[in-house]
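Got chain A sorted already, so can you dock chain B onto it with the hints?
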Amino acid sequence: QKEVEQNSGPLSVPEGAIASLNCTYSDRGSQSFFWYRQYSGKSPELIMSIYSNGDKEDGRFTAQLNKASQYVSLLIRDSQPSDSATYLCAVKDNFNKFYFGSGTKLNVKP
Amino acid sequence: DGGITQSPKYLFRKEGQNVTLSCEQNLNHDAMYWYRQDPGQGLRLIYYSQIVNDFQKGDIAEGYSVSREKKESFPLTVTSAQKNPTAFYLCASSPQVDYEQYFGPGTRLTVT
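Protein chains in written order, with the numbering used here: chain A, 1 to 110; chain B, 1001 to 1112.
Everything labelled a hint here was simulated from the structure, so no lab data went into it.
Where hints are given, some of them may not hold.
As the list claims (entries may be wrong) - Computed list of lysine-lysine pairs in DSS-like fashion (alpha-carbon distance at most 30 Å, straight line):
id, chain 1, residue 1, chain 2, residue 2
1, A, Lys-56, A, Lys-109
2, A, Lys-42, A, Lys-109
3, A, Lys-56, A, Lys-67
4, A, Lys-2, B, Lys-1014
5, A, Lys-97, A, Lys-42
6, B, Lys-1057, B, Lys-1009
7, A, Lys-97, B, Lys-1070
8, B, Lys-1083, A, Lys-42
9, A, Lys-2, B, Lys-1071
10, A, Lys-2, B, Lys-1057
11, B, Lys-1071, A, Lys-97
12, A, Lys-97, B, Lys-1009
13, A, Lys-42, B, Lys-1071
14, A, Lys-97, B, Lys-1057
15, A, Lys-105, A, Lys-42
16, A, Lys-2, A, Lys-67
17, A, Lys-2, A, Lys-42
18, B, Lys-1070, A, Lys-42
19, A, Lys-56, A, Lys-97
20, A, Lys-2, A, Lys-56
21, A, Lys-67, B, Lys-1057
22, B, Lys-1057, B, Lys-1014
23, A, Lys-105, A, Lys-56
24, B, Lys-1014, A, Lys-42
25, B, Lys-1071, B, Lys-1009
26, A, Lys-97, B, Lys-1083
27, B, Lys-1014, B, Lys-1083
28, B, Lys-1070, B, Lys-1009
29, B, Lys-1070, B, Lys-1057
30, A, Lys-97, A, Lys-2
31, B, Lys-1083, A, Lys-105
32, B, Lys-1009, B, Lys-1083
33, A, Lys-97, A, Lys-67
34, A, Lys-42, B, Lys-1057
35, A, Lys-105, B, Lys-1009
36, A, Lys-2, B, Lys-1083
Said to hold, decoys possible - Derived list of chain A stretches under chain B, where covered just means 3 residues or more per stretch with a C-beta under 8 Å from a C-beta of chain B:
id, region
37, 40-53
38, 89-103
All of these numbers come straight from a predicted model, not from anything done at the bench.
Cβ atoms here follow ideal geometry from the backbone N, Cα and C, with glycine treated the same way.
Looking at chain B on its own, in the form it has when it is part of the complex:
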């Protein structure tokens, strides 16, 4: 089955700890994205990558870091510098030459 997987589905951490969220796709898509969604709000772009070993900051990159060492993987690290990390995190991918963007199931992160 082709698709985007995110793990884990739920994640709990103590304040001050870094945490890495996994995102893998087997759709052979070039572009990958990380979004954050807070209750009752739309999606806000954290980082995106259009090719391997290259990525750009989105609108709310502070306190987050990413890597893109393989085409199929785009992990997101939420660092202790992120002031309000509790949120629903969504990974997405898009073919470079086509237009639609497809989402993984999401990871719900709770930091206490």
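The following block holds chain A by itself, in its conformation from the complex:
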């Protein structure tokens, strides 16, 4: 069984701080990695995708991938109260199947 692990949180950060969200995965052959944001009662929305080792930046968001350590992270700079949500890590295998972590709840305090 392929697994994706996340700390459930909640992770609390003050407004304007950097929020760091982490994820580990078990399938060493995985090639594609994604971060989704899910507000309470809503469906997940894609924030970032990353496919190669290193950092990928998009606005206030930076995804980091280390395939050797089977680790992917998401940094949110200048966190805003509107960033308060559950963040889901997803990993895609070579058979086009996605595996999701249970999510980390982020609280950004004004």
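This is chain B only, laid out in the frame that chain A set:
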């Protein structure tokens, strides 16, 4: 507008009844997926389809059935054999050659 639609948003059924959840996409995506989400948990894959007239079981397929007769449609039937059907059901699609997966708004099913 391109996107994924799911209907209805809320659905209530009595135990022992089959119910079909609709999922339609106009993104021209080849792959479509059904997930189930329970409170405080991640998404669990029920079924997925990479091409028309073909689909594969996910991790929790028991008590569910699907069809893929058209590229844009992937309905999910929750049968009376599903022991605990009350959940939030999410449909998603993904281009075959690209990688991202996009979600519909979801259907919240309550069975009493």
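Now the hints, each set against the structure:
no., hint, result
1, A:Lys-56 to A:Lys-109, "holds (26 Å)"
2, A:Lys-42 to A:Lys-109, "holds (21 Å)"
3, A:Lys-56 to A:Lys-67, "holds (14 Å)"
4, A:Lys-2 to B:Lys-1014, "violated (35 Å)"
5, A:Lys-97 to A:Lys-42, "holds (22 Å)"
6, B:Lys-1057 to B:Lys-1009, "holds (24 Å)"
7, A:Lys-97 to B:Lys-1070, "holds (20 Å)"
8, B:Lys-1083 to A:Lys-42, "holds (24 Å)"
9, A:Lys-2 to B:Lys-1071, "holds (28 Å)"
10, A:Lys-2 to B:Lys-1057, "holds (15 Å)"
11, B:Lys-1071 to A:Lys-97, "holds (18 Å)"
12, A:Lys-97 to B:Lys-1009, "holds (25 Å)"
13, A:Lys-42 to B:Lys-1071, "holds (25 Å)"
14, A:Lys-97 to B:Lys-1057, "holds (11 Å)"
15, A:Lys-105 to A:Lys-42, "holds (14 Å)"
16, A:Lys-2 to A:Lys-67, "holds (15 Å)"
17, A:Lys-2 to A:Lys-42, "holds (26 Å)"
18, B:Lys-1070 to A:Lys-42, "holds (27 Å)"
19, A:Lys-56 to A:Lys-97, "holds (23 Å)"
20, A:Lys-2 to A:Lys-56, "holds (25 Å)"
21, A:Lys-67 to B:Lys-1057, "holds (28 Å)"
22, B:Lys-1057 to B:Lys-1014, "holds (26 Å)"
23, A:Lys-105 to A:Lys-56, "holds (22 Å)"
24, B:Lys-1014 to A:Lys-42, "holds (24 Å)"
25, B:Lys-1071 to B:Lys-1009, "holds (22 Å)"
26, A:Lys-97 to B:Lys-1083, "holds (25 Å)"
27, B:Lys-1014 to B:Lys-1083, "holds (13 Å)"
28, B:Lys-1070 to B:Lys-1009, "holds (22 Å)"
29, B:Lys-1070 to B:Lys-1057, "holds (18 Å)"
30, A:Lys-97 to A:Lys-2, "holds (10 Å)"
31, B:Lys-1083 to A:Lys-105, "holds (29 Å)"
32, B:Lys-1009 to B:Lys-1083, "holds (22 Å)"
33, A:Lys-97 to A:Lys-67, "holds (18 Å)"
34, A:Lys-42 to B:Lys-1057, "holds (25 Å)"
35, A:Lys-105 to B:Lys-1009, "holds (24 Å)"
36, A:Lys-2 to B:Lys-1083, "holds (24 Å)"
37, 40-53, "holds (count 7)"
38, 89-103, "holds (count 10)"
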